[in-house]
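Engineer: So the protein sequences, as listed, match chains A and R.
If you're matching positions, the first sequence starts at 1 in my numbering and goes up one per residue.
If you're matching positions, the second sequence starts at 1001 in my numbering and goes up one per residue.
Take these hints with a grain of salt, some might be off.
As the list claims (entries may be wrong) - Here are the computed lysine-lysine pairs in the BS3-like style, where the Cα-Cα straight-line distance is at most 30 Å:
1. A:Lys76 <-> R:Lys1505
2. A:Lys88 <-> R:Lys1505
3. R:Lys1682 <-> R:Lys1433
4. A:Lys88 <-> R:Lys1457
These are calculated hints, taken from the structure and not from any lab test.
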Amino acid sequence: MVEFSSILQLKKEHKEAETELIFLGFTVGTQAYALGVFAVREILRVPRIYSLPRVPVFVKGVIDLRGAILPVIDFKERLDLGSVDPQKGRVVVVVIGSTSVGLLVDTVEEVFGSAPDQIQPPPKMFNKPHLQFIDGMVRFGERLYLLLNPPDLLTPQEVDTLETQSWSPKK
Amino acid sequence: MNRSLRDRVLAPLRGSIRGQLLAVLVAMIFVGALIMSLVFYIQARSVALAQIRESYRSLGTMVAGLSRYDMQFNKTGLKDTVDSMEKSDPNLLWVAFVDEKGATLASGGPLVKAPFSGLAKMTGKMSLATIATEKGNALLIRVPIEVTVAPAAGAGDIGFEAPAPATAAQQTKSLGELRIVAGLAPLASLRQGYLAFGSLVVLLGLLAGTLIAVVVTRYFTAPIYGLTDFARQIAGGNLTGYRGSLDRKDELGRLIGSFHEMSANLAQIVREIRSAFHRVEDGMETMRRHLGSTLDNTREQQGASVKVADQVESIQSAVSEIAHLMESLSELAEEVSSSVLEMIASIDEIAANTEGLNDTVNTVASTLTQNVAANKEIDASAEKLNRFVEDTSAAMTEMEGSIRQIGQNAAQTREATELVAEEAGAGSRAMEKSNETIEKLRASFESTVSVMKLLGKRSGEVGNILSVIDEVMEQTHLLALNAAIIAAQAGEHGKPFAVVAGEIKDLAAKTSVSTREISAIIDSVQRDVRHAVESVDGQRALVEDSVGVSHEAAKVFSRIEEAVSPSLQMVQEIARATAEQAKGAAGIVRSTEQLRDLAHQLRQATKEQTLGSEQILDAVNRIRSLSEEMQRATAEQSAGSSLIRQAMDRLTAAISDVLAQNQAQSSAGKTVEQVMQTFAEKNRANVESIKQTSEQVEALSGRAEEVSRVLSRFHIEDN
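Using the sequences and the accompanying hints, generate a full structural model.
Structural biologist: Laid out in structure tokens, this is it:
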């Protein structure tokens, strides 16, 4: 398992090391978001999503990723922007805590690097509990990416639910 | 550190994963060798010390033994020992025995004041330390000497017996320690030897390590370089596959394999597109050829129709000529008629005169004797007769000339009518040819339509293939993104992978753009094909019209032929009748000449009448008989005249028939002309639409060339 420090901490570390931070950029609705590349396991086309019973309400279903059962969360729905079209969307497999979670997004744009001093803190108005997952902002090319902090994408209770609930297949 | 210097040193490494790996491995091996040499050094030192310790331990044991046996360890004994030690060990500098209080007992005297029993033994830890002496660094070895003291059973009771069982009262007594100062020469030589060996090992290790580093670096970087070249090759459109080995089974091997597979799939797709396009181009070539032949056919048709129009015009002119001839014929016929009437009137007059002559002859015969005086009157009558006969003769000659002219006119009419019939036949044949051409045109239209439909179908197939390419490109894009993520997670070493992944992504994007372009071209091709099919369908209606018009024209020609044949018959009849008439007229002329001769003879006879009555009587009788003959001839002439008249009537009727048919023919000719005009217009429309189709086909082939150009950017192996 990989431990993640927050992006600002990473930024500090990388600033000292004078190296680039690498992100995966994707789009939901009209806004671009980015995740640190170490939090991403892989990108998939939307596979068949099984809507199993007794799955937590915030989980859209589960997918079978080479034998591993992963919960899938529609990030667009979570942002109250409707839902992702399964024909065009992508699943970004993100490592949150000790579990991997599939994040349904509209389009995956690019993998890009950014110097640490290019990363700006989020505006003050984002400093609200339900916007905690926005960790910073960075401009790359024509897009302004909102940087996401993977552990904040889900509430601790939700993470707990995913890690302990009975829906996960018993060995 | 100097930043520019560091950059200058590291700059060549940043661009090359091979250099980076090599540098890292060499650095690691260097550090390893250093550590190894350090370990060797320490090992050499400890081995040397152990050897020294071992050699001096025996000395300690010996001293302990001495103190055991020689309680009165005196100066001499110690000195002897030292001497012997000095002799045996050139490194030994100084030996002293020091008691526990620190007093040196090297000067003889009892080492131990109090008697002690038990075994003296070397116990405790030997200690080694380096000290400085006048002769340089030396080793101080301290060997503690202890004895186990039994309770005082008896003074000096020192035996060789086995040591008494240990009791609680036993105690260990320290006698002091042996201090030995030895030179460091053996240590130094040992260390040197170890260091030489160690350096050799390190050097060999470095050499071997560098070799391994080079090999390992090559093993890991060669496929990356190959893959980079391969990606560049694919980006350049060369899809001939990975040139290197595909035997690797690790992640790089799988990456190369999937790249190779992708290239092969792309090549297969490009090959399919290319073959589909060859088929499309063939189809277009066929279509173009068909259109060319169609255009030729239409032009031929146009030529044929122009010819037909010319023929129709010449028919028209022939018809008008006929009409003209007919009119002059009619005038002549009227003239002949009036001449014949005149002749009949003359003949009637002749008949009346002949009757008068008869009466006169009769009167002459009855009053012959008295009529000598009336001879002059007879003479005058004969003269009158002569004049009439001359008149008749002239009229007959005139009539004969007229009849000959009628005959000539009739022959001309026949020729003209035959010309009409011939032209009508030629027109009919030309129409048949034109019908054949139109049929051919229709057939080529049908094949054009089928070729175009095939083209549309093939374009649809290309569209399907394009959707497969699009699918593959989407997957490649995803693959490239995942590769970029893995490369980023690999850190600095993943950068070349990131470059490759970026290139693949760009390639996928570029291919996607090309695919969309091709798709747009295919769409427009299909649109053009639809337009072409529609316009060809429109042309088909025109062709059907042309077929109808052609058939109509052929019918009109056959109607002309039908109309001309009775007029030809009539003309032939006229010619026959005219020939008969001419024969009759010749008979009349002959009779008239005979009549003239007879009139002359009559005059002579009248002159001779005065010579003799009998002669006159005979002459009168002869005159009578001649008169009868003349009557007969007149009757004959009258019959001939009526025959002429009938013939003239028939001629007139025939002429009016011919005139009527001429008018019909003229109107039919006009209809033909109109039909031909319509036909020519349709033909022109045909040519226009064929040209339009040709232009569309040219546009189509332009598009096809565009597609071809896009496709030719890919290099694939031909098989």
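Engineer: All hints are to be evaluated individually against the structure, with a verdict given for each.
Structural biologist: Results of checking the hints against the structure:
no.	hint	result
1	A:Lys76 <-> R:Lys1505	holds, 25 Å
2	A:Lys88 <-> R:Lys1505	holds, 18 Å
3	R:Lys1682 <-> R:Lys1433	holds, 17 Å
4	A:Lys88 <-> R:Lys1457	holds, 29 Å
Consistency with the previously given hints is maintained throughout, with no hint failing.
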